[in-house]
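Colleague: Sequence:
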Amino acid sequence: MGQREQRALHRAAAKAELGKVRRLLEREPALAATIDAQLRTALHRVAAGTSMPTSRQAIAAMLLAAAPQTAAAIDHMGTTALHAAAGANALGLVRQLLSAAPAAATMPDFLGRLPIHMAAARPGGAATVAALLAVAPWTAMATTQCNATPLFEAAQADEESALLLLAEAPAAAAMRLTRLFQVGWTALHAATQAGRPRVVAAILEAMPQLALVGDSDADVPLHWASQFGFDPVHDEIRRRLIAAAPEACLMQDGDGDTPLMCAAFQGNAGAIAQLLASAPAAASVPNKNGRLPIEAALQRVATDGAQALAAVRPLLAVGDAADVAAALGKAAADPRQAAAGVQQMAVEFVALRSLTC
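Following my numbering, the numbering of the sequence shown begins with 17 at its first residue and continues without gaps.
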């Protein structure tokens with residue numbers, strides 16, 4: 017048994033070349049237990065692919081028959097073939113590997129990820145998640161080294177998987193992440209940022225208090241929905257978040273920004289209108305730099321044109337008139353601003369406030 021035959025088997029397994037794998041194993045069954053430089057077995061290689069699923073299952077059956085111990089073998093990252101199959105959303109292979117080595121469902125890789133974490137992070141992976149839960153239900157609460165649960169991964173990738181995991185372990189929604197750039201996030205932050213309204217609704221039904229949980233920068237989910245939520249689904253998400261915790265509209269993050277300020281910075285007219293309807297007082301809340309939402313919205317007039325004007329317009333009618341007038345005057349004096357747009361807003365402001373006098 018030489019390196020040439022080993023490489024040939026691994027290549028054939030990766031490409032799902034059933035006939036070639038059969039011939040190689042018939043000549044030398046021990047090839048099934050060989051590993052490459054990354055400590056991967058041929059079973060790892062066949063499990064990681066997505067093409068020709070029927071051939072892959074047949075190859076896996078031959079490899080397992082020749083070397084059943086490879087079902088629990090780990091590569092240089094600590095992953096098993098089940099990790100690979102779950103990450104590829106290969107349901108048939110997952111069931112096959114679970115039958116050969118059920119304990120593999122509970123084996124973490126070197127980052128603490130179980131196969132269910134891999135499946136949950138894959139769009140369309142709900143059936144694979146269900147198969148893994150059937151073998152080890154407790155894994156719904158399992159956390160990685162970054163404290164990520166399968167629910168957290170699914171909240172960003174696949175609504176059906178997330179709903180399934182939430183039903184199995186509602187408490188997983190409250191786990192807080194330690195991953196870089198997402199420190200302190202809960203599954204509600206993840207579902208909000210990813211635009212998953214059904215998951216947001218289900219989490220809020222199970223644990224409405226999460227609407228008031230901030231991340232490491234004190235940003236609650238409504239901050240994220242207001243700053244980055246331009247898609248229509250985010251209108252629904254904001255509506256649900258506000259209904260669950262109206263007080264979140266006035267919460268300030270580490271920079272002193274309210275959700276309204278976040279929306280103003282991004283020129284998110286839809287979010288601004290929603291937030292003002294729920295908490296008009298937020299228009300008068302400055303951040304730590306002393307800026308008001310209307311100042312942030314006006315800053316975008318020069319670059320965003322009509323879109324920025326649509327974001328400024330709702331802010332003209334709320335807050336202290338002197339503050340709004342001062343913001344308009346400051347913008348008009350700024351050579352970087354679009355003078356015509358600011359002038360138009362000033363005219364509308366005077367008309368609006370005259371009607372309310």
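Just so you know, these hints were derived from the structure itself, not from any lab.
Hints are supplied without guarantee of correctness; some may be wrong.
[Said to hold, decoys possible] Computed spacing ranges between beta-carbons, pair by pair: (1) Pro-302 with Ala-259: 51 to 57 angstroms; (2) Ala-77 with Thr-319: 55 to 61 angstroms; (3) Arg-369 with Leu-196: 43 to 49 angstroms; (4) Val-249 with Ala-349: 55 to 61 angstroms.
[Stated by the list, open to error] DMTMM-like mimics (lysine to aspartate or glutamate), calculated; alpha carbons at most 25 angstroms apart, straight line: (5) Lys-304 with Asp-350; (6) Lys-304 with Asp-271; (7) Lys-31 with Glu-21.
Note that the structure is predicted; figures quoted are calculated from it, not measured.
Don't be surprised by glycine CBs; every beta carbon is placed ideally from N, CA and C.
Colleague: Evaluate each hint against the coordinates.
Modeller: To see whether the hints hold, each was checked on the structure:
1. Pro-302 with Ala-259: 51 to 57 angstroms: Between Pro-302 and Ala-259, where Cβ atoms are some 27 angstroms apart, the hint is violated.
2. Ala-77 with Thr-319: 55 to 61 angstroms: 60 angstroms Cβ-Cβ, so the 55 to 61 angstroms window holds.
3. Arg-369 with Leu-196: 43 to 49 angstroms: 47 angstroms, holds
4. Val-249 with Ala-349: 55 to 61 angstroms: 39 angstroms, violated
5. Lys-304 with Asp-350: It holds: about 22 angstroms lies between the C-alpha atoms, which stays within 25 angstroms.
6. Lys-304 with Asp-271: Holds - the C-alpha atoms of Asp-271 and Lys-304 are around 6 angstroms apart, at most 25 angstroms.
7. Lys-31 with Glu-21: Holds, at roughly 15 angstroms.
The earlier numbered hints that this structure contradicts are 1 and 4.
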